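These protein sequence lines map, in sequence, to chains D and Y. Under numbering that gives the first Met the number 0, think of the first position of the first sequence as 0, with each following residue one higher. Under numbering that gives the first Met the number 0, think of the first position of the second sequence as 0, with each following residue one higher.
The hints are simulated quantities; they were obtained by calculation from the structure and are not laboratory data. Bear in mind that the values here come from a model prediction, so they are computed numbers and not experimental data. Watch out, some of these pointers could steer you wrong.
Derived pair list, reagent style DSS-like, types lysine-lysine, alpha-carbon separation capped at 27 Å [stated by the list, open to error]:
hint, chain 1, residue 1, chain 2, residue 2
1, D, K271, Y, K30
2, Y, K320, D, K171
3, Y, K30, D, K171
4, D, K24, Y, K135
5, Y, K23, D, K171
6, Y, K28, D, K272
7, D, K257, Y, K257
8, D, K134, Y, K30
9, Y, K24, D, K135
10, Y, K272, D, K28
11, D, K320, Y, K30
12, D, K198, D, K261
13, Y, K24, D, K272
14, D, K236, D, K198
15, D, K272, D, K1
16, Y, K24, D, K271
17, Y, K275, D, K24
18, D, K247, D, K261
19, Y, K261, D, K236
20, D, K1, Y, K134
21, D, K28, Y, K320
22, D, K30, Y, K271
23, D, K24, Y, K272
24, D, K24, Y, K271
25, Y, K28, D, K271
26, Y, K134, D, K189
27, D, K23, Y, K271
28, D, K1, D, K24
29, Y, K271, D, K28
Residues per chain are reported as follows:
There are 2 protein chains.
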Amino acid sequence: MKHTIGLIGFGTVGRGICEILLDKKNYLKEKYGFEFVITAVADFAFGNVYNPDGLDIPLMLKQANEKQKFTKDLTDYDNIKLIKNSNCDIICELTYTDLTSGGPAIDHVRAALESGKHIVTSNKGPAALFYPEMKKIADQNNVKFLIEGTVCAGTPVINLTDGPLAGCDISKIRGILNGTTNYMLSEMEKGMAYEEVLKIAQELGYAEADPTGDVEGHDARGKVTILANIVMGAGIKITDVPCRGITKITSEDIENAKAQNKRWKLIGSVEKKDGKVITSVSPEMIDYSHPLAGVMGATNALTFTTDLLGDVTIVGPGAGKIETGFSILTDILSIHRTNGK
Amino acid sequence: MKHTIGLIGFGTVGRGICEILLDKKNYLKEKYGFEFVITAVADFAFGNVYNPDGLDIPLMLKQANEKQKFTKDLTDYDNIKLIKNSNCDIICELTYTDLTSGGPAIDHVRAALESGKHIVTSNKGPAALFYPEMKKIADQNNVKFLIEGTVCAGTPVINLTDGPLAGCDISKIRGILNGTTNYMLSEMEKGMAYEEVLKIAQELGYAEADPTGDVEGHDARGKVTILANIVMGAGIKITDVPCRGITKITSEDIENAKAQNKRWKLIGSVEKKDGKVITSVSPEMIDYSHPLAGVMGATNALTFTTDLLGDVTIVGPGAGKIETGFSILTDILSIHRTNGK
């Protein structure tokens, strides 16, 4: 089947998935019988473009990488019109995350699902704030709302619980959900102070100029909310998750932990207990003997506690252009495999 | 959809999957819309039984656990006739593994696939020796040949590469594929000699009375063959895999490794190199800093090296009645999810 794909957002992730799709074109056709054409792209910096026969993606990548506006196949359609009126069967929502209102991504997602188009997204906003509502609209319109990229990008999480762990009841998920803070804690162990490490993380592009979202735990909190709602059907809001970041961790705390054969990790936790789902994000001292203690640098890891298998742990990369691009690809392939059913 | 299931083999795994299916009957119906009836069971110790409306599984579990023959719904059909003539849509092949001839499991698998029935199996024989041939017959008959349970039982491996890692090119897989030997090496580190540890492993039921299959690496070799053929399309035979077990590892070797901050692990390895697939099973000294080094006891772990994500590691349980039963359930649910497509 030849899929027609639209991208809302042509930033790091949008360009990442385009590069992967172009690189792997033949591989995907041979291995999965997957063929595609990208017909719609919307980006507030580069413009909105549409060509039902397929856009000139190499040219667009060149222009965007050089911070130039698109020049070919321009359209007057705004984002919503483009989503509704394009011939796309899959819309990838790849705009910036807003964990307060979910906008404007939530409008894009709703427009796509209501017009019978699958949504694949790495945007935590709609997933953390409106998952139950969007899933319902998706089901009503017989399309998918897939969000692997919203939790730990390159490390399969949602798709792991949904597929290979199907049949297990998951009672607890604990993990390192934010690569930036894990990198910072790992570096602090080498003797640097918090402020110093933060500066390096910003220089390396791990932390934003305003690092609040990472260091205060908000990013992990969004992921915990998504896991609680999707894996455990909790129906909670992001503000229901008690959240403490790593800003108060001192070099002394790090040394104290070391003396006890422990290590500080920012742990996101979701647990079913007496019919309730208990969630939290906070720094915890983890014993060296636990699988999560050995996970260093900008890496993510989650331990799932299950009824049939006990603990299953997965360790992999967190954010990144190609890693997040992969999460979009894997959800697109999931739609392809099941013919969207 | 209501599935009709047949079990060939009513030993540990056969009873394990029955217990899980009975325990989870309501959960599976609510969560996945999955309903089932077990209509055929064949076991050389307990007899062959068939009832197109459903067998009395609680009674059969009781009889088998008490080592008594089945008394209800007995049939004259031999295994092959039962597979061919029953109303099952899914046959679970759960007899003993023979890594030399693959028999008699291979005849069961062929009969099922040729008569248009899905096969789910934890039997390494057909998977390690005849995968390409069986997959072809399955494709021709529009049914599935699913084998999650053949590699690391409770740790999702095949289904991980097939689903959540879809789109990644996997260039290398290295892992601890045999829980028994990993348990033994872990215990030897505490100061016991090989022979002593082996005796305890046998008492705990980890190792068989004849432990050759585990300690000489044959079990891991079968799994390496399956991974090489399925994940990398190698088309190799089990005898193509160079194989060395742990029988020559002494307490002195263990101490020497420790002095270098390393630890002996029996590593199964599959790697694409210059268009060839290189495989091996052998004990290796692994640095403490590697994720596989921290995996202790009867646990399995695999690191997949991929083009898009770098390394992704999964850690989980190896063998076990419920763990292997789970692997059968998860493949059955996969057939259910895709309506066998």
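Between Y/K30 and D/K171, does the CA-CA distance stay at or below 27 Å? holds, 18 Å
Are the Cα atoms of Y/K134 and D/K189 separated by 27 Å or less? This hinted pair is violated, its Cα atoms lying about 52 Å apart.
Quick one, are D/K272 and D/K1 close enough, alpha carbons at most 27 Å? violated, 46 Å
Between D/K24 and Y/K135, does the CA-CA distance stay at or below 27 Å? Given that 27 Å is the threshold and the Cα spacing comes to 25 Å, the pair holds.
Taken at face value, is the distance from the CA of Y/K271 to the CA of D/K23 at most 27 Å? holds, 18 Å
Hey, Y/K24 versus D/K271, does the alpha-carbon distance stay inside 27 Å? holds, 21 Å
Going straight from one Cα to the other, do Y/K320 and D/K171 come out at no more than 27 Å? Cα-Cα ~22 Å, so holds.
Does D/K198 lie within 27 Å of D/K236 when you go C-alpha to C-alpha? violated, 32 Å
Under the criterion that the straight-line Cα-Cα distance not exceed 27 Å, is the pair D/K24, Y/K272 satisfied? With Cα atoms ~22 Å apart, D/K24 and Y/K272 stay inside 27 Å; holds.
For the pair supplied as a hint, Y/K24 and D/K272, confirm whether the alpha-carbon distance does not exceed 27 Å. It holds: about 22 Å lies between the C-alpha atoms, which stays within 27 Å.
Check the hint pairing D/K320 with Y/K30 against an upper bound of 27 Å on the C-alpha distance. The hint is violated at about 34 Å.
27 Å limit on alpha-carbon distance, applied to hinted pair D/K30 and Y/K271: holds, 17 Å
The structure fails hints 11, 14, 15, 19, 21 and 26 (numbered hints given earlier, in ascending order).
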